[in-house]
Amino acid sequence: MSTTDTALVSAHDVVEAALAVPGGAGRVVLVLDSSDAELRFANNTTTTNGVRRTRSVTVVSIEEVAGGVAAGSATRSGVVDVADLVRTARDAAASAPVADDASALLSGTTDHDFSDPAAETDLSVLSTVLGGLPGAFDRAAKRDVVLAGFVEHGVVTTYLGTSSGTRRRHVQHTGSLELTARADGSRGTWAKVGTSDFAGVTLEQTEEDLARRLEWSAHSVELPAGRHPVVLPPAAVADFMTMLYGYAGGGQDAEDGTTVFSKAGGGTRVGDRLGELPFELRSDPAEPGIECIPFLAAEASGASTSVFDNGLQLERTLWVADGRLAALQYHRAGAQRSGVSAAQGIDNLVLELPGATGTVDDLVATTERGLLLTSLWYIRMVDPTSLLLTGLTRDGVYLIEDGRVTGAVNNFRFNESPVDLFARVTQAGASTRTVARESGEYLSRTIMPPLRIPDFNMSSVSPAS
Amino acid sequence: MASSSGSIDADVLASIRAASLEEAARLGATDASVRVEEIRSQYLSLRDASPETAMDDTELGVGLRVVVDGSVGFAATVDLTQDAAAQLARKAVGAAKVAALARSRAVELAPEPAHGQVEWSSPFQIDPTGVSLADKTALLADWSRRVLDAPGVSHVSARVLAVSELKHYADLAGTTATQRRVRVHPSLEAVTPDADGGFESMRTVAPPVGRGWEYLLGEGWDWASELEALPTLLAEKLASPSVEAGRYDLVVDPTNLWLTIHESIGHATELDRALGYEAAYAGTSFATPDKLGSLVYGSDVMHVTGDRTAERGLATVAIDDEGVTSQSFDLIRDGILVGYQLDRSTAAVAGYDRSNGCAFADSPLHTPIQRMANVSLQPAPTDGPTTEALIAGVDRGIYIVGDKSWSIDMQRYNFQFTGQRFFRIENGRLAGQLRDVAYQATTTEFWGAMEAVGGRSTYLLCGAFNCGKGQPGQVAAVSHGAPSALVRNVNVLNARAEAGR
Numbered sequence: 001m002s003t004t005d006t007a008l009v010s011a012h013d014v015v016e017a018a019l020a021v022p023g024g025a026g027r028v029v030l031v032l033d034s035s036d037a038e039l040r041f042a043n044n045t046t047t048t049n050g051v052r053r054t055r056s057v058t059v060v061s062i063e064e065v066a067g068g069v070a071a072g073s074a075t076r077s078g079v080v081d082v083a084d085l086v087r088t089a090r091d092a093a094a095s096a097p098v099a100d101d102a103s104a105l106l107s108g109t110t111d112h113d114f115s116d117p118a119a120e121t122d123l124s125v126l127s128t129v130l131g132g133l134p135g136a137f138d139r140a141a142k143r144d145v146v147l148a149g150f151v152e153h154g155v156v157t158t159y160l161g162t163s164s165g166t167r168r169r170h171v172q173h174t175g176s177l178e179l180t181a182r183a184d185g186s187r188g189t190w191a192k193v194g195t196s197d198f199a200g201v202t203l204e205q206t207e208e209d210l211a212r213r214l215e216w217s218a219h220s221v222e223l224p225a226g227r228h229p230v231v232l233p234p235a236a237v238a239d240f241m242t243m244l245y246g247y248a249g250g251g252q253d254a255e256d257g258t259t260v261f262s263k264a265g266g267g268t269r270v271g272d273r274l275g276e277l278p279f280e281l282r283s284d285p286a287e288p289g290i291e292c293i294p295f296l297a298a299e300a301s302g303a304s305t306s307v308f309d310n311g312l313q314l315e316r317t318l319w320v321a322d323g324r325l326a327a328l329q330y331h332r333a334g335a336q337r338s339g340v341s342a343a344q345g346i347d348n349l350v351l352e353l354p355g356a357t358g359t360v361d362d363l364v365a366t367t368e369r370g371l372l373l374t375s376l377w378y379i380r381m382v383d384p385t386s387l388l389l390t391g392l393t394r395d396g397v398y399l400i401e402d403g404r405v406t407g408a409v410n411n412f413r414f415n416e417s418p419v420d421l422f423a424r425v426t427q428a429g430a431s432t433r434t435v436a437r438e439s440g441e442y443l444s445r446t447i448m449p450p451l452r453i454p455d456f457n458m459s460s461v462s463p464a465s
Numbered sequence: 001m002a003s004s005s006g007s008i009d010a011d012v013l014a015s016i017r018a019a020s021l022e023e024a025a026r027l028g029a030t031d032a033s034v035r036v037e038e039i040r041s042q043y044l045s046l047r048d049a050s051p052e053t054a055m056d057d058t059e060l061g062v063g064l065r066v067v068v069d070g071s072v073g074f075a076a077t078v079d080l081t082q083d084a085a086a087q088l089a090r091k092a093v094g095a096a097k098v099a100a101l102a103r104s105r106a107v108e109l110a111p112e113p114a115h116g117q118v119e120w121s122s123p124f125q126i127d128p129t130g131v132s133l134a135d136k137t138a139l140l141a142d143w144s145r146r147v148l149d150a151p152g153v154s155h156v157s158a159r160v161l162a163v164s165e166l167k168h169y170a171d172l173a174g175t176t177a178t179q180r181r182v183r184v185h186p187s188l189e190a191v192t193p194d195a196d197g198g199f200e201s202m203r204t205v206a207p208p209v210g211r212g213w214e215y216l217l218g219e220g221w222d223w224a225s226e227l228e229a230l231p232t233l234l235a236e237k238l239a240s241p242s243v244e245a246g247r248y249d250l251v252v253d254p255t256n257l258w259l260t261i262h263e264s265i266g267h268a269t270e271l272d273r274a275l276g277y278e279a280a281y282a283g284t285s286f287a288t289p290d291k292l293g294s295l296v297y298g299s300d301v302m303h304v305t306g307d308r309t310a311e312r313g314l315a316t317v318a319i320d321d322e323g324v325t326s327q328s329f330d331l332i333r334d335g336i337l338v339g340y341q342l343d344r345s346t347a348a349v350a351g352y353d354r355s356n357g358c359a360f361a362d363s364p365l366h367t368p369i370q371r372m373a374n375v376s377l378q379p380a381p382t383d384g385p386t387t388e389a390l391i392a393g394v395d396r397g398i399y400i401v402g403d404k405s406w407s408i409d410m411q412r413y414n415f416q417f418t419g420q421r422f423f424r425i426e427n428g429r430l431a432g433q434l435r436d437v438a439y440q441a442t443t444t445e446f447w448g449a450m451e452a453v454g455g456r457s458t459y460l461l462c463g464a465f466n467c468g469k470g471q472p473g474q475v476a477a478v479s480h481g482a483p484s485a486l487v488r489n490v491n492v493l494n495a496r497a498e499a500g501r
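Top to bottom, those sequences are chains A and B. Numbering of the first sequence is given in my numbering, commencing with residue 1 and proceeding in unit increments. Numbering of the second sequence is given in my numbering, commencing with residue 1 and proceeding in unit increments.
Mixed in with the good hints, there may be bad ones.
[Unchecked claim] Dumping the calculated BS3-like pairs for lysine-lysine here, alpha-carbon to alpha-carbon at most 27 angstroms:
no., chain 1, residue 1, chain 2, residue 2
1, B, 291, A, 263
2, A, 142, B, 404
3, B, 404, B, 237
4, A, 263, B, 237
Hints were generated in silico from the structure; no laboratory data involved.
So here's chain B without its partners, still in its complex pose (with noise of 0.2 angstroms):
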């Protein structure tokens, strides 16, 4: 795949990495790595087939961390030349040494070889950012279109985002890697109005990927299907009853589930938040290290792994921020807590001889932090349940297909998600749809009352670009592979009611 060096020289590339890393050593740095970045984001959004918001923002700039003395300093610049590279060797290590006058603690990164020089491109075919507006806007109009002719649709909305990340990393230990990543993520909502005065949406449920511009035209994903329904959908959301506040049984279709696995598992098992580094801003985590192997997550169905190697995944790579290449592992295992996601540091305070390769920042200008593996629910190992099976299984309850809103504290026990799509399960067939319907459960308990997942043919990869963590903020894309799964006896909220209407 492309291994160019984007709009950076590689000489310049050559003097930069050189010169911060030598001047980082010879100012007693331990441990350094740079990165420099070339972080190319589109956002462009329609109304009523109409553009609204256009954006095309090229990143480039350099970071550089090192370890001094047992303690961490971070700098970064967007002025990419050799002297201000040295110059961020200084800068960097001032910074570890104002850290270390109030360090109770030395930091270690855990152990980890040299790789050499890596070159990795995630599978791509038409690289979305090199798509001109003029196309962009013509197929967005074309799907807002098709949804907004439709009988009882009242507005559209349409957007995507699209990014190409160029990452080049190296570090005094020996690893140098050239890294390039590509997502998209489209969606339509229509939207229209109820006889209450307020409205109800419907948006489509495709996955965020690490696809290029070809998810659009088809590959992967069924667009034309998905927009045809919406209207009909809508339509039947729009007449459908209230759910009625209680206790029902949930088929979860993974396009809702995955953002369930990415709050309740994927931060609860990030080690630096379950050891108190994210305690003033993300949290922390009720899964601490002294339950590991013995935290009784969910029901024995239950086989959650994380991993940086999906294809496709958003999380994927081949070598992490900190030179640690990319690996699979479990986080649990018949429903037992047996892992942690970590970064070198979190990995050695835990006494990990290697981390599994979490560490990412989102930008050059940013320090690497432990960020989520693709944290995904394995499927039923083999001739696994469809979801129409699963379903049949149930004699009241709803299938949710879809995410909307989601909410969870900061130990990840009480969450409350809702959906795009409820659909009534009567007596084992679905029976229409349902509106106003939010579930709210304890991470355990949720997880415990889980019955079964579903065969490999419901499994899907799912995700967000948008996962926020660290101060200051940091954000990240990650997928969330699962199948739908049956969920028993869980408390189903009646929106509305909540509003006190």
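Bound conformation, chain A alone (with noise of 0.2 angstroms):
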């Protein structure tokens, strides 16, 4: 990796510089340091690239206002006026109403570091898989196989200070190594791979991945739209969990009566048993193997999420514990409120059934009949109230027969809640480090097991391939 080549000036200075800037009761300054390297290819040839270096800087200010505090923020990139940025703040703040997040600024958390400078990364780090790429291309056009893809590390540097002496530094690397192939005239499939730093990342690896499956698409079968016993594979399960805890996670909104997790005539669900089996599905900044920023860094507030508590230690939360919803989101101000523990967002994601061991080909091999899946795609809500989600399959669903994959299926459109998911799984795998399709490009931290559901709903047939 490449050392700091900019004339931008070093993040730990703007935030003093921001935090010096005098009047206001409180404020929090967050600068966001971000470097990424990226490749795109399709039709076997690399298609647009990208390096970038971006800085985004925020400041919360908080007022005094009639009757308690006001907070407001402003966000600019680059080289930033500090001044300028903390009087657009103040503005905000002195014309806002009271905050009804507010909470008593956290203080004192030093990071030793905080004075470093920040990380960066540049396409040197994607060269193993780089590098991999002709031959790929070359043993692709040799299959009549098309490749498609994308590959990209990046790195955000947060600096995060208040006026009540928090200063914390936090480098967080994300990368992923995505790979479709289709070979000509059947049906595609895919692989992504999730990674901080490339270690023992090949193209070769996951190129392998998708020949066996490739072999399976050789024999085409056409099966209608119903209820299917299904094999969910990791990332799949992921897409449905992170779903889940996006749209459901919010402690206020299920009080207001507007998601799944709302108690009919007020309340929450948390304490109701989901399902059978004791599942856990947790967050937790020293996960190994997906460790995350572990303390809250807010560029503005949401229904569960407050400016006030920035800088926060995040821990370890059980969100669904021995089958049973254990916690919803709150901030520091909403948790006293309803009387529970604040509990914030996290960035990642584990499920996990206790004891549950095996492989995706494990669940395979003990399936008498029924649909092996790859990945989901255009997954949206259709209704919030059962946390109902349609959306596709996509690039591979397969065919088990006797335990053994006999063949690929046509793609299908389902109508699931991850919710009701929990209540009809019947077997689990063991969890392992996975990507979600479509929304690991928010949370790409995740641990999941492959799920066996034995009446998934395949709402009707697409003829996509």
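From the two separate chains plus the hints, produce the assembled complex.
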């Protein structure tokens, strides 16, 4: 990785400069320095690419107003006039009503590396994968296979400072290799690998995974819509769980009666059993392999996030424990009002059935007849009351007969709720690192098991291949 | 209109343009284009008339795309200095050289003449990003209270997105352009619990538009009437029966049909998708180039155009992000596929003489890719029917208003949409609302069953701010004009039954 070569002043100096501007009852300054490198390919050739250096500076100003305190914020990128940015944030706060998410700013924690420069990346991090591309394209062309995909690496260095003494810094590396392959005239297939540093990630390895699936696709089977037994691979489970986390994770929303976790007559369904199997759904900044930022760094408040909570240490949180809904997200002020513990969204997600073992292949081996899916796509909420989601199978639906894959099946549109899946799942395998095809773009740090669902609702056939 | 360079000093801008393009040329670039952009985006949301989220984000940066020896490279930075601009050229050329190592065919850009100096602004009266947060909050709070005070409404969420975009473009061919685009998207949703532990909601159907803050003050939309009607519409929906699944004739309002157009026509007629360049991400298209001129997309009343010229259109510009002037063109004529949306590289691959101007980057930090024009279904040419007349032609059907849930497969065949308001049609008349309606069809089957389109009086320009495509992901705003349309015999699902309830 290259050293810093930009004329941008050090991020920690920006934080200190913005905190030093006088005025206001409190202030939070957040600087995100990002560096990215990526390359796309399709039709067995490289297409677009990019290398990018960005910075965003957010100032949250807290002002005393009639009846309490108000917050206002403003964000700008690049070389920022901090005095002007502080003024904009202060003006926003001064014209805002009393904040109903107000809490005292947290004090104290100082990271020893706060003054270190931002980390950077460039295309050299991807060199092993990029070096494998010409060979992969050659091999594909010889077999009438078309490859398309994307490889990216990014690093975000977060600097957070508050007028109450907090100085936090965190470096987060995120990378992935995504590959699709399609043999002439047959159905395509897909794989994606998540990684922070590309150590041990090669194109050849992913190519091999896809080669086996392309062989399965040599025989094609048409099946009708209906409720089918399916084996959901970890990537598909990750999409369902991320949607559950994103759409239905908010405590205030549940109390307002607008999510699947709202209780009839008021309150939330925390404590309710979702299914018989003792699943655990959790987030933990220290989760091995998918470590993530361990403190809150929020540019703006939301239903369950508060700018007043910036710097809050994020702890291991069980969202579902022993098969029961265990927690919803609240900022500190909301948690106090509702008499629950504050819990923040965390940038990773793990679903695990304690004691479960076995891979996707093991689940396939014990399936008499069913479908093995590869990935899901275009997943959208149909009905928030039940968290009914619609979407499509993509790049690989396979028929399982007597414990082995015997062919590729047409794609389907599904209508399913991840909450109902907890009630109907009959078996899980061991949890492994995976990236959701769709929601992995926003939450790429996931560890998920494969699941067996005996009656997955395939609503109609999709002719897409 | 305004030709201000925003917060970017004119001399700094000139030095960045010159330094990046000259260094790119010196390093062997045959084509290079640089964009210095300042994009101010504001988002404000209120829950039950109290502010929940307020964001005010100004993105300022520079991006350079080069073509060197038949390979493309892109680099971007937020560091707006002459030195950084020259370094950007070295990085972009470096990226092109990396891409060249695994390049199976040379990248070519379809020719485009130089257009000299272009200045353009979308029409607006009040820059919405210049309106104070206090004024914005006050207006949304007033809207919220009007609805919240009505009987039967338990919660109201109101929000507005406002964007003011200033883009300075320059290329080696000699085109320079300064363009400002302004857009707003206000919306308000009312919610109330139902008897069995769930809830119903009703959202405004006012489209996002290329207008200023004056839109929220009543210019171009009758907010007072829509807000006044919302509680009653919600109460009626709450009391309405759940739809019986089956086949229905649909009269689809433009506030719903725009999204069906976007998904099943807009994306399907993007040439990069049709050629396979989005195979790993956004997907491909069933409407492949071998079917151009012969694919029966829909019935013969179907005339679909693409344009980047429509007044107040969200995809409207004077010149695109590859220096191509904006155009208007046919995509589907008399129900037959006749055209594609192009950028310069896909145009060259497919043998077109010229791009039709559909290159766009959502940020100075992203490379331009082919993005959607305003793709619109044209109304009936003369004396076309009103929506009421279309409804009068239906014995048993549903009139669908407003968009909600949407999903379509990666080749743009199988789609499923819901909506805000579903009115039962019985013997040519509206007969109360229905709940839980979702319609599902295959693209060509749906458009093939379109018996009639409404006249000019039913036509409305709708659209979205959040069309996603590309890796890394880019978001684009796009408008879609549509008349009301009558589509026969469409498969309607009951969403509640789909959830196994």
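Legend entry - Agreement of residue 142 of chain A and residue 404 of chain B with the hint, judged by alpha carbon distance not exceeding 27 angstroms: 46 angstroms, violated
Inset, instruction - Compare the distance between the alpha carbons of residue 404 of chain B and residue 237 of chain B with 27 angstroms, and conclude whether the hinted pair is satisfied. - result: 15 angstroms, holds
Inset, instruction - With a cut-off of 27 angstroms on the C-alpha distance, tell me whether residue 291 of chain B and residue 263 of chain A pass. - result: 53 angstroms, violated
Legend entry - Pairwise hint evaluation, residue 237 of chain B against residue 263 of chain A, where the allowed Cα distance is 27 angstroms at most: The given pair, whose Cα atoms are some 22 angstroms apart, holds under the 27 angstroms limit.
When held up to the earlier numbered hints, the structure conflicts with 1, 2 and fits the remainder.
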